[in-house]
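Residue numbers (this note's numbering), protein chains in the order written: chain S, 21 to 357; chain H, 21 to 357; chain X, 21 to 357; chain Z, 21 to 357; chain V, 21 to 357; chain L, 21 to 357.
Because the hints were derived from the structure by calculation, they are not lab data. None of these values were measured; they are calculated from a predicted model. Treat the hints with care, since some could be wrong.
Copies of one chain are not kept apart here, so a pair can be met inside one copy or by any two copies together.
25 angstroms max Cα-Cα, derived SDA-like pairs, lysine to any residue [unchecked claim]:
| hint | residue 1 | residue 2 |
| --- | --- | --- |
| 1 | K25 | Q35 |
| 2 | K178 | D244 |
| 3 | K178 | P345 |
| 4 | K97 | L305 |
| 5 | K151 | K175 |
| 6 | K211 | Y140 |
| 7 | K97 | A246 |
| 8 | K58 | T272 |
| 9 | K211 | E154 |
There are 6 protein chains.
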Amino acid sequence: MSKSKPPVVRLHEMQPGQTGDFFVLLAERVRGARRDGKPYYTCRFRDAQRSAAFMVWSDGGWFEVCETEWREGAFYKVRGRYDEHPTYGPQIDVINIRPVTDDDRQAGFDPLEFVERTRYDVEAMFTELWKLAESQIGDVPLRRLVLTLLDRSSKALKTRPASTKHFYPFAGGLLEHTLSVTHTCLHLVDKYAGRYPDLMPPLNRDLVLAGAILHDIGRTRELDDAVASPQATVEGRFLGHVLLARDLVRDTARELGDVDPELVQLLEHIILAHLERPEWGSPRLPLIPECLIVHHADDLDAKMEMYARCLSRDQEESPFTARDPVLGRQLYKGRRK
Amino acid sequence: MSKSKPPVVRLHEMQPGQTGDFFVLLAERVRGARRDGKPYYTCRFRDAQRSAAFMVWSDGGWFEVCETEWREGAFYKVRGRYDEHPTYGPQIDVINIRPVTDDDRQAGFDPLEFVERTRYDVEAMFTELWKLAESQIGDVPLRRLVLTLLDRSSKALKTRPASTKHFYPFAGGLLEHTLSVTHTCLHLVDKYAGRYPDLMPPLNRDLVLAGAILHDIGRTRELDDAVASPQATVEGRFLGHVLLARDLVRDTARELGDVDPELVQLLEHIILAHLERPEWGSPRLPLIPECLIVHHADDLDAKMEMYARCLSRDQEESPFTARDPVLGRQLYKGRRK
Amino acid sequence: MSKSKPPVVRLHEMQPGQTGDFFVLLAERVRGARRDGKPYYTCRFRDAQRSAAFMVWSDGGWFEVCETEWREGAFYKVRGRYDEHPTYGPQIDVINIRPVTDDDRQAGFDPLEFVERTRYDVEAMFTELWKLAESQIGDVPLRRLVLTLLDRSSKALKTRPASTKHFYPFAGGLLEHTLSVTHTCLHLVDKYAGRYPDLMPPLNRDLVLAGAILHDIGRTRELDDAVASPQATVEGRFLGHVLLARDLVRDTARELGDVDPELVQLLEHIILAHLERPEWGSPRLPLIPECLIVHHADDLDAKMEMYARCLSRDQEESPFTARDPVLGRQLYKGRRK
Amino acid sequence: MSKSKPPVVRLHEMQPGQTGDFFVLLAERVRGARRDGKPYYTCRFRDAQRSAAFMVWSDGGWFEVCETEWREGAFYKVRGRYDEHPTYGPQIDVINIRPVTDDDRQAGFDPLEFVERTRYDVEAMFTELWKLAESQIGDVPLRRLVLTLLDRSSKALKTRPASTKHFYPFAGGLLEHTLSVTHTCLHLVDKYAGRYPDLMPPLNRDLVLAGAILHDIGRTRELDDAVASPQATVEGRFLGHVLLARDLVRDTARELGDVDPELVQLLEHIILAHLERPEWGSPRLPLIPECLIVHHADDLDAKMEMYARCLSRDQEESPFTARDPVLGRQLYKGRRK
Amino acid sequence: MSKSKPPVVRLHEMQPGQTGDFFVLLAERVRGARRDGKPYYTCRFRDAQRSAAFMVWSDGGWFEVCETEWREGAFYKVRGRYDEHPTYGPQIDVINIRPVTDDDRQAGFDPLEFVERTRYDVEAMFTELWKLAESQIGDVPLRRLVLTLLDRSSKALKTRPASTKHFYPFAGGLLEHTLSVTHTCLHLVDKYAGRYPDLMPPLNRDLVLAGAILHDIGRTRELDDAVASPQATVEGRFLGHVLLARDLVRDTARELGDVDPELVQLLEHIILAHLERPEWGSPRLPLIPECLIVHHADDLDAKMEMYARCLSRDQEESPFTARDPVLGRQLYKGRRK
Amino acid sequence: MSKSKPPVVRLHEMQPGQTGDFFVLLAERVRGARRDGKPYYTCRFRDAQRSAAFMVWSDGGWFEVCETEWREGAFYKVRGRYDEHPTYGPQIDVINIRPVTDDDRQAGFDPLEFVERTRYDVEAMFTELWKLAESQIGDVPLRRLVLTLLDRSSKALKTRPASTKHFYPFAGGLLEHTLSVTHTCLHLVDKYAGRYPDLMPPLNRDLVLAGAILHDIGRTRELDDAVASPQATVEGRFLGHVLLARDLVRDTARELGDVDPELVQLLEHIILAHLERPEWGSPRLPLIPECLIVHHADDLDAKMEMYARCLSRDQEESPFTARDPVLGRQLYKGRRK
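Put together the whole structure using the sequences plus the hints.
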């Protein structure tokens, strides 16, 4: 890069006409062709709050590297000039560009800043979930099993979406969902234990807690660790998150060696059956009431997030949202003032 | 009856050989025929804790009245002698018998003592539900709507089952279920209002409460008031409890006249959609998140009761219960000590 | 407008090069961008028989008003010159334009002339339906109920489609469908009353007639009164036309006060159950034979219209039509000469 | 038989104590065993209006022939004494018995008198159907095709049920159903031809008539000719009535040789598709509007008969019938006086 | 037992009036009550070819031990007298009786002789299956995995049914089915490898073989080892045979340590997906062609056995069998001479 | 054409700049419009291995004939110059063009060379299938029936796809599929005849062979004989290949006159039922075990081809293919080196 370095800035804070160095995600790279046959690329770079176009013409300097090296979903450090076209909107004129390096990462570059992510602090959520497991699971070996799995999955929990498209589809969504489900389960198991004090066998509070915390732990292995648009892993496709979670429990319990075998069996059962029906993804039906609590807490939490996201994003003027493709319906929002 | 009246007793407290006056439900009346062609009736009388047989032979004194007048499900005052046959078990020898009268009812006869009923005190539950409505629903006209409906349905809520066969199938079950669902909804709406503070429109706590309290209010009209084995009413068959509940809300809101029309519309919607899908009994799909909360609280509560009842009654020696015909599966109970 | 007014004409009667004043529907308004970045709008105006384009360039005089004020589905009075481009077809050059006013309407402007509508005279059809109700429904209060509802819905019946996409999707289609179903029902109930003269209860001719006339009356409230592409109303989405129709009957019967309650109950039932199954839109199953007649007459009439429309519009050369997206199949039309 | 012959009588006209000769159907023959191990048969003979029992003890004279020769569903000429037991009801004491012979048939014995059958005169119905075909089908070769098939199937049409259990399950029901469907179709095709006068191709009235008359002609081969409880034939099981009817049309058209091939193809299509969906029994979907008319006329007529039969037979005291096992619901009949 | 021991015989070889010692299965033990109220048991003992009754009256010597100790499904050594009652058929008069002991087993008592079992020699079948694995699986570690699992499951394979009711429901049926499926798979994989020689990746013959041999290995753990009417185990109910088989493969592969991980993953996949759809019992869909071969070979083999068994057992006189409750249809057998 | 004829070449062998005469299929003809309103056509000609574009501008010489005469799916003889544009790829400049004539066909033009077709020699496959029928079907009249049908369908078998989109969708695919299924069936029937030697009736090897060879013979009439993208025929739409095949068997058997009627009936049954369920296309369920063999051999063969084709064509870099639209899933292919 040139001697007098421009300042390091954030794309979304730049003023029209300003030149600076900034990190961006290459969100889109589409090939087109002009009427005279010359190819070009329309590239779209963005950070979390702004997206700007860069046209790469075949006779400009960036064509070859764009064609052969740039990848959608990758991060770049750009030196460029920002402008706003009256019709085409935000534009970048690239002066220099290179992929992000490990040095950048050590210097504080964080890919999560460039994608949609949970509104909550992931460290605080993880600590909260950890403390719930620590304080609420009475059976010592079972508690250790849960904590071991939390510990080993902590990075993925903090960065993965709960699902790629349906619910909590953003970084950290998996942790946010898990924590919410666990809180709901804690309330419900205490409620129902109170209502059925003589049940034999009694409702197992430890099992419900462990089931809530671990019900989606398999999702940490179902998707890879790409920050922008993670993909299914090989084992994710072959097994799915339900079997992956159950295997994690089974293997870890074996490794630890001291968890009561019936507890392990029932915890595996809660995980296998928490989607309730084969056509919804569970190979076995719920055979214990603890499973019902995890199922309903999970299902409600996922749907609440979908409804809330649909309502939040909708721009329609009518009292109903546009049709949500996942929900298959138009939600009511009333005539907001 | 004879001059020296025998004492008034309870069937389930009688000793073999004892004679007394007692109230019973005629639970079963089956015609049979002996090998020589003579018809007879096997009758089974019971109170809440004991059931005893009475054979009515064609040449005994009770045959004609049994054949022409006695009805299954009706209550009788019996003067009789109680015995226990080594093979056939508890027997009654009827000395005198007549249907229960209004005088009996005024003198304290209570049909509910003869059928299965909720473990909880119905007056206490009703008061609790009332107070929840009173204290938790902020919108004054909506609160008055809910209280008016509670007031008018109080007798039925306290005596009806939630359903005849599936869940809470016992007297007072409807109130027990409604109260439990309301508590769950109260917790969940506060939880989710906290998690989505910026939702537009915000989660409507009043609506969730009102929906929870009234979601099954139509069941007070779906079944008649027969204490033993209530039957569907004509409007119950033509409309079903979902439409009946929605009509009660609509009519009462009109009568009161001051409830915000959008609130009435959304409360009707929660009731219509709380079973979530047409094939599960809801003519419309949920279009607001409040409906999700009522649906999941309701569904979980019904299933928990079914699981708990299945586990409580099971006598199988194996670690699994017998197949529950409603659930369509065998639950796990472990090897109880 | 200018002093020497051009003549008032119809768009579809104009000659190339002719200038005139005419009413049009703005059927399409799509934003585009030229290669140099300048935006433009492609507008399409039409009356019932001709559609003509008007390009609104960003540097022409109409751009701003087009961008901010014109709405698809609205009607305008245009002063313009008509031409036919060899490649792009019919074109308008707008000289002046303003939205249609109430004065226009009073002066005879009729929006229905600009959209697809029933082949039949709506006044004549309405009179025929009215007379059927008047002459064929014997029970006086029931007849009055039907006539009251017809009277109050007359405007909507005459202008609404029966459905927006599936069957009779054109103005007045709702009335055309209702009349046709009523005729069929009249024939069928007489036929089956003759075949089952001893049926107890006998087939109720009045009920069948009333059910036929009112089975889709809820559709008058399900869609709004936009002439071009009507939209679902709020109550339409929350309740659907089946419940809306049943409510109209219930409310009007209460208001009138003299209809036999059992008749009202059965009429509501016919409406609720006339789609026969929950997955087809009826919350309850048919419990009386009268309902079968209305269901089959309705279903057949809707399908006949769909088949006839598919056959009428098809332009394929093969002996089968193109695949009809609603019917999901290709109809046979033979090798027409 | 003995010299002084008793009079020939009808079982249902006999007086207790009377002896006579009469024809009966052996409706039931069940083996039992007494406590001492001796086997016996409970036989039940009946004519159309009365059923009477005959106990065949192992030490009586009829045991061996009952065990080895008598068949349920067969007809017998019996000389016997009729009695009415106070408990067991009508009894026969058999003096002599032999299977019905061809001589009996020639002497006027008619098996149809012993089973449930249509309320209408089968000869009159057949004549009416014949005349409809003759007068209403304009295309001469097509008309001849229909008449040929009617002629060849006349005996079966007059004696078979339309189906063994579901609708018109009685002798002659097939003809009664066919005639009713044909009348309905005649009305509907004229109605819709009038409503769609410009349809291309126009509604083919001849095809609708022929389709109505022949839609169930395959049922004449699906069941055998046993008067009491007919059984499925081999070809009936392998092909079903839909394919059997279509084959009859195809074969007969080939034999006659002069029917327009497109008409034959379309008539076959109406028959194949008249049940509308694969899961309802039609291998192909309706591709012409004529098929819709036959489908709806057929479906409505079958259901009307099921509803009427359910209502006619019901003995319940409540305003609803007992649950009809075929319809899967309880119909409403009101509180009959 | 008495001094002069009667000979040891087989029940099905005894002559009426003969007394002997023999082993039997208690196939049925049903409590009844006489008219005078005295209880009794009807017991039915059998060996593979004969079943004989023993009435245990309340005043006979065996009542108490029958009531408190005898269990259906258990084996006994009986000293008794055999007779044939003209009405009630084969009878035993028990002189002495005791449960079978380990000494009996060592002395040659084999429970399998008393239940329905495979027509083939289980040792020969096992050897054949072993040799197929040994000779046909080329990959050494994979072969060792399969052989290890065969070795450990050999006893269960030889004695269990393939399923309790649906297909191969007899002792050794599991092995017979597995061997048959393996042979079919061997043929099919060679056939399709020949037809698609260039497929990338090529069809993996080893995988198909291993999948065929192990696809139902989980059934060795799904049912317990009761010879007569085996019951589902706890893990059988919680996991089902599909997951049990996959776990066996996974665990054994880990234990052995040298199988290629991708091979293990694909072998697990074949097992998980061999039932093809969630609603048929597979939690994942087939993603490799090898799985198709195992699925079709398995499905065909199970159905062929069901058809063959239905045809073999049928006693109907008609050209069709009685309705098979599992197949839900009547098979054609023709008019056998 | 001009005097000095250019050489006759193949499109896919031409060098840039070369001029020649060659046969092509017009694979695509799409109308477009330039910004100035002038229409043009983008045409795409191809032979089996190369596709090249030809732009037809409105002011060029070929516009009118292109607009009025050229048809997609037709073959043309072209004299033209071949070029390769750096951006737009292969181009043709048409000098002369005319439709292919019968003379061309006689001179060796073969349309099959221009479409995807089976990898195998169709003559060799047909001979092999013929010989299988000749040598393996023991019953002489049945064998003659099969050979007659093969003979009459030989041309279509050799050129049609098995289906247009799902499996074997290429010329000759129908024969390739039929031969493969027949081989599998031959193996399976011998296998199962060996395993069930005592089955009554025994497995009929002739029937299985005939069923395998003829199960899809109806497809020769379901599609027309267009080489490129064949269309459904009228009888194909009305009857479908299952009924068409069964009719071919029925008619030919009648014509030949000597085939055992029960064999014909069972062969028709195998064809009608070989898709196993109504929702999969079979109007009747399999009632004989022979049908199971044909069904499974057919289903497996179709699916193997779909999997193999999906794997062969996939270009994705990941270990899974792109989602196959027919299979509805992504297959695993591993990380190919």
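- prompt: From the Cα coordinates, with 25 angstroms as the cut-off, is the pair K178 and D244 best called within, between, both, or neither?
  reply: within (13 angstroms within a copy, 44 angstroms between copies)
query: Checking K58 and T272: alpha-carbon separation at most 25 angstroms within a copy, between copies, both or neither?
result: For K58 and T272, neither the intra-copy (58 angstroms) nor the inter-copy (59 angstroms) Cα distance is at most 25 angstroms.
query: Between copies, within a copy, both or neither: which fits K211 and E154 at Cα up to 25 angstroms?
result: both (21 angstroms within a copy, 22 angstroms between copies)
message: Within a copy, between copies, both or neither: which one fits K178 and P345 at a CA-CA cutoff of 25 angstroms?
response: neither (27 angstroms within a copy, 34 angstroms between copies)
field: Same-copy or cross-copy closeness of K211 to Y140 [CA-CA at most 25 angstroms]
entry: between (28 angstroms within a copy, 15 angstroms between copies)
message: Regarding K97 and L305, is the shortest C-alpha distance of 25 angstroms or less found within a copy, between copies, in both, or in neither?
response: neither (51 angstroms within a copy, 42 angstroms between copies)
task: Classify it for me, K25 with Q35: is the Cα-Cα distance of at most 25 angstroms met within a copy, between copies, both or neither?
output: Close inside one copy (18 angstroms), not across copies (52 angstroms); limit 25 angstroms.
Homo-oligomer pair classification [A246, K97; C-alpha up to 25 angstroms]: within (18 angstroms within a copy, 53 angstroms between copies)
query: Under a CA distance limit of 25 angstroms, which applies to K151 and K175: within one copy, between copies, both, or neither?
result: within (17 angstroms within a copy, 47 angstroms between copies)
Hints 3, 4 and 8 from the list above are not met by this structure, while the remaining hints are.
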